[in-house]
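The whole structure should be built from the sequences, with the hints applied where relevant.
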Amino acid sequence: MFDSLSDKLGGIFDKLRGKGALTEDDVNAAAREIRVALLEADVALPVVKEFIEIVKSRAIGADVIKSVSPTQQVVKIVHDAMVEMLGGHDGEQELNLKAATPAAFLMVGLQGSGKTTSTAKISKFLTDKHKKKMLMASLDTQRPAAQEQLKVLGEQTGIDTLEIIKGQSPIEITKRAMNEARLGGYDIVMLDTAGRLSIDKELMAEVAEISKLANPTETLLVVDAMTGQDAVNVAREFDEKVGITGIMMTRIDGDARGGAAMSMRGITGKPIKLMGTGEQWDKIEPFHPDRIAGRILGMGDVVSLVEKAQESLQNEDAAAMAEKFKKGQFDFNDMLMQMRQMTKMGGAGALMKMLPGLGKMAKQIEEANLDDTILKRHEAIILSMTKAEREKPALLNASRKKRIAAGAGTTVQEINKICKQQQQMAAVMKKIKKMGMGGMMKQMKSLMGGKGEELELMAQSMDPDNLGRDMAALKGNDILGANPFDGAGAPSGLPGLGGGMPGLAGLGGGQMGGMPGMPTRGGTKKNRKPKVKKGKRK
Amino acid sequence: MVFWRKKKNEGMQDQERADDELLHHKTDPELSPLIEAENDLAPDNVMAKSMNAIEPRDLTDAHTTPVPDHTPVDDFKESEDLKDHTNEGGWFSRLSKGLSKSSNKLGQSITDVFTKRKLDQEALDELEEILIMADMGPKTAAKIVAAFSENRFDKEIEESEIKSVLASSMSDILKPVAIPLDINGKKPFVMLVCGVNGAGKTTTIGKLAHEYHMKQHKKVMIAAADTFRAAAVDQLEVWAKRAHVPLIKKDIGSDPAAVAFEALEKAKADDVDLLMIDTAGRLQNKANLMEELAKIIRVIKKQDDTAPHAIVLVLDSTTGQNAHSQVQNFKDVVNLTGLVVTKLDGSAKGGVVVSLAQEFGLPIHAVGVGEKIEDLSPFKAEEFAKALVGA
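These protein sequences, in sequence, are chains A and B. Take the first sequence: its position 420, counted from the start at 1, is 419 in numbering that gives the first Met the number 0, and no numbers get skipped. Take the second sequence: its position 187, counted from the start at 1, is 186 in numbering that gives the first Met the number 0, and no numbers get skipped.
Please keep in mind that the hints were generated in silico from the structure rather than gathered at the bench. Just so you know, these numbers come straight off a predicted model, no measurement behind them. Glycine included, every Cβ here is placed at the ideal spot set by N, Cα and C.
Straight-line alpha carbon distances no greater than 27 angstroms define the calculated BS3-like cross-link-like pairs of lysine-lysine that follow:
#1 K138(B) x K48(A)
#2 K401(A) x K391(A)
#3 K55(A) x K138(B)
#4 K48(A) x K162(B)
#5 K371(B) x K240(A)
#6 K371(B) x K165(A)
Under 7 angstroms between C-beta atoms, here's a sample of chain A residues computed to sit facing chain B:
#7 L152
#8 S197
#9 M225
#10 T226
Written out as structure tokens, the structure reads:
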């Protein structure tokens with residue numbers, strides 16, 4: 000339902016081409032769109048206003064760099080300002096682990112924001128990564144079975160929890176927890192409080208008292224990434240009444256744009272220290288301002304995509320894949336493996352949505368009725384081949400193809416199509432081999448690490464002109480062309496995926512074969528040429 | 000042939016197995032509880048066994064927590080609970096109380112903008128911003144403001160008029176969706192409760208159980224199909240106890256669809272009026288978890304074609320525009336029949352409800368306005384709209 004900011008700005012700035020600098024009128028027009036985009040991403044209104052002033056002051060009079068469109072430039076200004084605002088100073092995002100032991104970490108927030116799960120995640124994280132001896136104590140006497148929940152989490156993660164004594168008040172539990180920590184030689188005590196509304200005076204006073212008692216080195220406000228405009232009230236109230244030191248955002252693995260991050264940061268000035276990225280207790284990460292900025296602006300989240308791919312690919316597969324990469328091979332077994340991975344990651348549509356600038360494309364593909372049955376059909380075809388055939392596609396002659404078609408319940412033409420795809424992928428594979436693994440890894444690293452580059456890449460793939468061209472190309476193809484695996488359709492239709500399937504192959508296992516091709520869509524000129532020809536032939 | 004395949008494709012099969020594991024729940028048992036449990040689940044058997052106090056392990060792993068006896072302590076607590084609430088007055092006053100903070104604020108801001116002044120563009124912009132701050136979303140806010148400014152632009156206007164007109168235009172949008180849940184007509188009426196993590200599903204079920212069992216004297220049963228989150232079943236058990244209704248549960252990690260299946264079987268046998276199935280929280284963009292939800296429904300349908308008769312999405316009112324994505328995605332996977340909006344007693348204004356009503360038109364069955372078992376009320380459009388603008 001959201002169009003990315005760049006799509007919207009594209010319309011405004013189309014007339015601007017050739018101008019030397021951004022005028023105030025241009026920027027004001029853009030500001031309206033930025034405002035709507037931010038509001039739709041749930042950034043709170045006061046913060047939006049403040050932010051737009053910053054952007055305006057930077058954008059007005061900025062020289063239009065020849066090589067980029069005004070749209071790209073404004074998006075870049077917005078993105079940079081946002082990263083700056085979200086990120087803050089160096090070191091600010093680190094948890095304070097230097098305090099004298101036992102130190103207390105206090106977790107506060109609304110009901111259902113994910114405090115208990117986050118408590119367990121942080122404890123596990125600090126135990127594993129920082130060798131801290133942790134104690135978890137639940138002060139939640141409100142919600143039924145909340146204390147049991149933390150106890151179970153403690154058992155699962157192997158972290159000590161404070162013994163549950165029924166009938167104790169949160170204050171009493173706090174005292175007992177701090178005492179226990181001193182006696183047991185714990186480094187950090189995690190105090191998991193009950194969820195409370197920021198307007199509930201009684202409970203807010205209670206948590207303030209707990210805070211006074213425990214004197215926590217960190218008071219983390221746990222906030223759901225889906226939170227709307229209310230984020231401002233929540234952050235302000237908790238900060239005023241309890242005094243928070245940082246924010247933990249949960250459910251960042253959902254599809255919320257996460258504007259709450261900006262609201263909270265803008266209102267309290269307190270850093271966002273951690274993100275919860277899944278239901279398992281190892282799903283916790285330091286906060287990445289650039290990634291959240293990209294999400295708020297609807298620019299896609301390449302890094303998440305890569306991570307998702309890594310997640311769904313087993314390590315052994317990755318090793319096997321790396322081996323293949325070295326040899327520059329790509330046979331039907333590899334193809335099968337990739338298809339299954341793809342299904343695991345939620346199908347083609349889900350992937351598409353995560354790629355920058357491809358939101359629209361995903362919709363189009365949906366409309367074109369591309370569903371994952373195509374994956375299944377192709378799987379059936381490959382499974383109808385003998386093992387020798389899968390390993391050595393060259394074996395396939397007419398009679399074998401006939402047999403396979405009969406076995407898979409399809410036609411020889413379908414078999415031919417899949418063969419052609421395989422050949423194209425094998426070709427890309429060879430190219431990758433030439434580039435060498437080292438080169439690829441380097442490129443990938445810079446893609447993930449360097450903020451500037453990442454933005455450039457995003458901006459490139461977001462250029463509405465290119466996107467338009469690509470989409471036209473997609474429309475031109477027949478329906479099967481919408482199949483992301485169909486070599487003929489893929490390079491032109493799916494810029495982000497580079498050489499089609501190999502791009503995905505690369506995503507897996509951190510080998511990132513196809514990633515270099517991703518931002519530049521379609522790989523090198525050399526590679527692009529034959530495909531254009533093919534299009535004409537059609 | 001089969002043998003040859005097995006041997007030759009070992010790698011492949013490992014892969015398949017791994018795939019399966021990823022796609023399905025790790026401890027996904029084969030769905031054959033019907034045969035296993037048939038004898039034990041027959042109502043007579045269960046009754047006989049629970050009465051004879053046979054060791055729990057003699058029953059299948061699906062066991063019922065029987066309706067707890069009223070102890071004097073319970074009775075006292077309950078009467079205390081009830082007393083508490085009779086003093087609090089009706090639904091409107093409680094909602095108003097809950098919303099007072101937000102409505103005061105909204106009301107105050109509106110007063111600030113228009114204590115008799117000309118309705119110019121600037122004023123309208125300010126009004127729009129106020130609505131946006133209530134989470135109505137830029138589009139809905141623009142629409143309401145446009146409707147409001149019609150015939151009034153550039154005219155002097157009173158503050159009270161603004162409030163009442165604003166409230167009425169919002170309640171016009173909300174009225175068609177203020178439909179309470181009707182559980183009559185089917186027996187057992189099967190209701191599936193779903194939503195994202197932390198939305199308030201379990202609490203809502205507890206409140207609904209209280210409403211239907213204690214107030215409307217229906218025979219209610221709850222099934223704990225959240226077999227994932229730690230202590231989720233314990234939490235529901237407490238609510239079941241409070242509402243004095245039986246709970247069907249299995250071990251953590253068992254297949255939620257199996258829980259639902261067995262619960263429905265038991266509900267039929269026990270002649271239950273309403274069966275509520277609590278599911279685990281799931282984010283709407285997790286394909287595998289959404290598939291799990293679809294599976295629960297498929298499995299329920301094996302017993303009763305028409306079930307589930309209601310699929311309710313529980314929505315946290317603090318949620319911003321992502322609520323649209325939630326409703327959309329859940330609607331795509333399961334046939335949502337209605338919404339319950341929770342945590343309206345906070346400072347969140349719940350304006351998203353208005354834009355949801357505009358976009359999806361799904362019935363809003365109830366709203367949650369507190370942590371107590373009684374703090375669930377039918378959704379009343381006019382009162383909600385009034386409370387929201389502070390009229």
